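As given, the protein sequences belong to chains A and B, one line each in that order.
Residues in the first sequence are numbered from 21 upward in steps of one, following this note's numbering.
Residues in the second sequence are numbered from 21 upward in steps of one, following this note's numbering.
If you are wondering where the hints come from, they were derived from the structure by calculation, not from laboratory data.
Be a bit skeptical, because a hint or two may be false.
[What the hints assert, rightly or not] Below, simulated SDA-like cross-link-like pairs (lysine to any residue); rule was C-alpha separation at most 20 angstroms, straight line:
id	chain 1	residue 1	chain 2	residue 2
1	B	67	B	25
2	B	537	A	358
3	A	357	B	194
4	B	173	B	264
5	B	357	A	316
6	B	357	A	124
7	B	357	A	536
8	A	32	B	88
9	B	248	B	302
10	A	357	B	302
11	A	248	B	350
12	B	537	A	354
13	A	537	B	173
14	B	167	B	231
15	B	357	A	192
16	A	248	B	518
17	A	248	A	316
18	A	408	A	315
19	A	94	A	105
20	A	357	B	37
21	B	357	A	350
22	B	248	A	350
23	A	357	B	25
24	A	167	A	124
25	B	100	B	88
26	B	167	B	210
27	B	248	A	315
28	A	248	A	186
[As the list claims (entries may be wrong)] To be clear about the criterion: a stretch of chain A counts as covered by chain B if any three or more of its residues have a C-beta under 8 angstroms from a C-beta of chain B, and this derived list gives those stretches:
id	stretch
29	193 to 207
30	364 to 370
31	387 to 401
32	426 to 438
33	480 to 491
Values in this document were obtained by computation on a predicted structure and should not be read as measured data.
Backbone N, C-alpha and C define an ideal beta-carbon position, used for all residues, glycine too.
2 protein chains.
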Amino acid sequence: MSTYRAPMQEIKFVMNELAGLEQVAKLPGYEDATTDTVAAILEEASKFASEVLDPLNAVGDREGATWQEGGSVKTPTGFKDAYRRFAENGWNGLTKNPEHGGQGLPQLVATAVEEMWHGANMAFALCPLLTQGAIEALELCGSDKLKSTFLSKMVEGVWTGTMNLTESQAGSDLAAVRTRAVPSSDKHDGSYKLFGQKIFITYGEQDYTDNIIHLVLARTPTAPEGVKGISLFLVPKFMVNDDGSLAARNDVHCVSIEHKLGIHASPTAVLAYGDHGGAVGYLVGEENRGLEYMFIMMNLARFSVGIEGVGIAERSYQRALDYARDRVQGRAPGLDKTVPTATILQHPDVRRMLLTMKAQTEAMRALAYVTGAAIDNAHRHPDADARKRHQAFVELMIPIVKGWSTEIAQEVTYLGVQVHGGMGFIEETGAAQHYRDARITTIYEGTTAIQANDLIGRKTARDGGAVARSVISEISALATAMSGDANDALVPIGNELQGAAAALASAVDWVVPAYGKSSRAAHAASVPYLRLWGLVAGGWQLARGAQVAARLLAENNGDATFYRGKIATARFYAECLLPQAAALARAITVGSESVLALSDAQF
Amino acid sequence: MSTYRAPMQEIKFVMNELAGLEQVAKLPGYEDATTDTVAAILEEASKFASEVLDPLNAVGDREGATWQEGGSVKTPTGFKDAYRRFAENGWNGLTKNPEHGGQGLPQLVATAVEEMWHGANMAFALCPLLTQGAIEALELCGSDKLKSTFLSKMVEGVWTGTMNLTESQAGSDLAAVRTRAVPSSDKHDGSYKLFGQKIFITYGEQDYTDNIIHLVLARTPTAPEGVKGISLFLVPKFMVNDDGSLAARNDVHCVSIEHKLGIHASPTAVLAYGDHGGAVGYLVGEENRGLEYMFIMMNLARFSVGIEGVGIAERSYQRALDYARDRVQGRAPGLDKTVPTATILQHPDVRRMLLTMKAQTEAMRALAYVTGAAIDNAHRHPDADARKRHQAFVELMIPIVKGWSTEIAQEVTYLGVQVHGGMGFIEETGAAQHYRDARITTIYEGTTAIQANDLIGRKTARDGGAVARSVISEISALATAMSGDANDALVPIGNELQGAAAALASAVDWVVPAYGKSSRAAHAASVPYLRLWGLVAGGWQLARGAQVAARLLAENNGDATFYRGKIATARFYAECLLPQAAALARAITVGSESVLALSDAQF
């Protein structure tokens, strides 16, 4: 059994050299995020991840959360105590407004910390992930009264939050939401009574905290049909008195939890609203604007799921690497024949698998962290144009960070099992748990297809491809510089990146008009287009890293072995993975009509 | 819950039009395999698969096989009875020698039938799969005495067989086998006593039959080190009297079974030999030739695991398609706006996923069946040159059918989950079971890397790439013909196939010399090389299918909707998937050194 270790050197390299922590720390309000403070935070987070969360990961999978007669849920041994420590240590409010008890740190820092939580124990980390989303919704749209009653308790983690979107007939299509919210006739506090059933509610019930704050999509009686008639409500599990103490049990009940492929420790609840007279709910913001609010907070939740992809991929890589260093099997081809046996790390194909895992994980991480820093700049940069530019980059990248990182996490955790050979299929080994846990990430908070729809439509076609092309120009400029670099090690990286950027540009040129005139073919190309973006943007970040590493090597500044590893990893990615860009571009530009050529009967 | 249905129209098309059933039925000894007889067999197999095996698939996953105090194993409800019916119906001996009670049918027919077993219930089908291997070993190398005692009972399925290779220190590397076989001093029947422990023994213990016949690799006291000192022994669970009745319990005991990611109904046993004085075993063939015998039978087992890949992929596709036809969600882009909602089959990305599943499954199937027919020709063709030619093709294809089909089965079952959205992650839906079950197929009977080693070494480099190039010439000739076809529908398929064949040829040109001079880089390229072969060979078979379909359409001969579907599916594969060939070729020819550039410390 291996233990999770935060990849600290790599994380710091990405934060400092690629995401620009120093610049972020100069933004108004982030002055406390000095390199030293951030290093101390990362150190503490790393310890908490390895010492508290990681030891519970396998236990959580084995025991799972269990539904109890009466509607309560029992989380696995140790989880409640770990949550208490997590909240007490202030991890829940890392980026939150200090006015509400948060620490007001940049998203970039939270990105690194969240990666550690997900790497150590994804099922545990989902609870704060969802609470974040609920806090976000309240901060942005809640009344002062709602904020004063609920917000600081949620930021402290004394109460958790949930997001209640899905109903059995309303999954990806939230227009179909049917939960009703009726103004309370017996009260005069502006509250509503909610009736309906929500499914797939992560941590919809738990035994960590005394109260749970549900953010719920529902329709008022006068609401128009479809997406424009959905409002957002806050429904606490227990009513709250004016002094903050808990009052009566509200009429929202967990009627069951799901039996899932992975993340067993995370209870996925079916919640019944109003079976006993109506669940009291408070409107968040204005009526009929619920979906709009939900999308604001969903953006951050989607970004966080992308980080889950990074975390679980890193964990899977570490476990596979530890195994490969230990397991002795066979004679490795091409090595000294007097050595009778070797660890499997000496076998070329095991190296290929591990390097594929490592390179892709580093590419995903760099892209996520760079996007995290852009989120900070989009919020806080003193210059309005710069804010706008960063915001445009963030909007383009969020579906990519979510969609691509989670798809790649499947490949990485798949290889994590494969490196173990037969032992990978045995549950006790632990590699299979990562594979199972990772599987949800391409589904929740919007499937890969939903991310891809967003990417081709709102993020590419709507501005005629302008933002997309400006990012590609940046990639292409880097590629040109590296192709002409005096350092031979950078040249092949630049060359491959140039080809990949050209392939991506051809896809943008196809997507923009296709989205307008033949939207079905554009949608058929959307997921390959998302994967192409991720592939190239990831290669871009690794290439940037290689360029920095080459400079630091030349300056004799730091860990040469590490820097050489960065260059070699970027080159592997460039030569072995980036060639897929042309294949994806061809599938998009030539093959999209053929996706739609079959009639229903021909399937 | 959907039900498995054998894809009969497709299976018959592949058997008749691509694999040449009619020609196979002309081979000496296969005269009974007329189209009508084969159709009747397929019909019966299809019924047995849907009515008997499929209903047990989910039960088997839920209950799993369980180890009982005392060393017995309880299989899930219904499995024992299903096995009895399976054996009684004669399915176990389909291809086996009529002398031993078999039906002497061609491998091509068995290929189709096995696909159905695996599609309906992979965990069940593993038991006959392993028995086949044991029968094969005995038929080829067993003494008359061993054959007369054991063979007909195994062919009838009254007793099952196992293959005992792995020990905890000897997985992919069988040279490390330590189980000892000592000539019995207290008996004078030439028997041995075996001592040691074997792991990962599929159906190493079960409650289907009264006896189990283990084929076991072990070392005699005088054996040389390494692979040249391994012998093959037959060790029955119960000794057998001369009249065929069971005698004393032998000293082989199941000490535990594994808790696995999938195929829960299939007991994976740890077997202890000789803890109570020695397990009586009989030498199969000659001493020290065990590995050689094992490889002969492993070839067929590997081929069967490739068929498992086809079967589980087909099953996953059917389940996803059924769900997509039923599930109503959202408004599909680009369709009539007056229709408020659509089934998800109308969504372009769902069509892309389903078509990716369908096209790849059909490609895998066609390649496997064509290889199955080549096995028959290699055994029975009256012309010695033809036998040799077919044998060479079979040898090249077996690592591809095994390695590529099982890798693609991962992608297909992955998409099978994804089509279901959130429901895919819920175990009750069933899609996740296929995903978990499929996961073992790239590992057992030789991991993908082991197949790829075989492919680059023995199957490509050893003859200087001669057989590989001759197959590529055939592919290329077809591509040329189709590119120039008067039928416009075939032209793009021919064009894409031509590019893919050229990419494959460039990879062969790289692999042959690289294997000689720098074997580590060649090994680093081996899995991409295997995937490239599978991709192109699968596209080749779909292209052949499209060509036949176009001819039959022109002749107005048969189901036009089906034939048009074959052409459209082949075109999708050609335009959307075959472009990956160039990417893989580039990774192989340019990137292989970069796979090996990291030092151990840099991982």
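Here is how each hint holds up against the structure:
1. B:67 with B:25: holds (9 angstroms)
2. B:537 with A:358: holds (19 angstroms)
3. A:357 with B:194: holds (17 angstroms)
4. B:173 with B:264: Roughly 9 angstroms between the alpha carbons, so the hint for residue 173 of chain B and residue 264 of chain B holds.
5. B:357 with A:316: violated (27 angstroms)
6. B:357 with A:124: violated (46 angstroms)
7. B:357 with A:536: With a Cα-Cα distance of about 16 angstroms, the restraint between residue 357 of chain B and residue 536 of chain A holds, given a limit of 20 angstroms.
8. A:32 with B:88: Roughly 52 angstroms separates the two Cα atoms, so the pair is violated.
9. B:248 with B:302: holds (19 angstroms)
10. A:357 with B:302: Since the Cα atoms of residue 357 of chain A and residue 302 of chain B sit roughly 35 angstroms apart, the hinted pair is violated (cutoff 20 angstroms).
11. A:248 with B:350: holds (15 angstroms)
12. B:537 with A:354: Distance of about 9 angstroms is within 20 angstroms: holds.
13. A:537 with B:173: violated (67 angstroms)
14. B:167 with B:231: Holds. Residue 167 of chain B to residue 231 of chain B sits at ~16 angstroms (cutoff 20 angstroms).
15. B:357 with A:192: Given pair residue 357 of chain B, residue 192 of chain A holds - Cα atoms ~18 angstroms apart, limit 20 angstroms.
16. A:248 with B:518: Given that 20 angstroms is the threshold and the Cα spacing comes to 52 angstroms, the pair is violated.
17. A:248 with A:316: holds (15 angstroms)
18. A:408 with A:315: holds (19 angstroms)
19. A:94 with A:105: Given that 20 angstroms is the threshold and the Cα spacing comes to 18 angstroms, the pair holds.
20. A:357 with B:37: Between residue 357 of chain A and residue 37 of chain B the Cα gap is close to 50 angstroms, so the pair fails against 20 angstroms, i.e. violated.
21. B:357 with A:350: violated (62 angstroms)
22. B:248 with A:350: Distance of about 15 angstroms is within 20 angstroms: holds.
23. A:357 with B:25: Not satisfied, since the Cα-Cα distance of roughly 52 angstroms exceeds 20 angstroms.
24. A:167 with A:124: Holds, at roughly 17 angstroms.
25. B:100 with B:88: holds (16 angstroms)
26. B:167 with B:210: holds (16 angstroms)
27. B:248 with A:315: violated (66 angstroms)
28. A:248 with A:186: At roughly 16 angstroms apart (the allowed maximum being 20 angstroms), residue 186 of chain A and residue 248 of chain A satisfy the hint.
29. 193 to 207: holds (count 3)
30. 364 to 370: This one holds; 5 residues, not fewer than the three required, reach chain B with a Cβ under 8 angstroms.
31. 387 to 401: This one is violated; 0 residues, fewer than the three required, reach chain B with a Cβ under 8 angstroms.
32. 426 to 438: Coverage by chain B holds for the stretch 426 to 438 of chain A (4 residues, Cβ < 8 angstroms).
33. 480 to 491: n = 0 at 8 angstroms, threshold three: violated.
In summary, the structure is inconsistent with hints 5, 6, 8, 10, 13, 16, 20, 21, 23, 27, 31 and 33 from the numbered list given earlier, while agreeing with the others.
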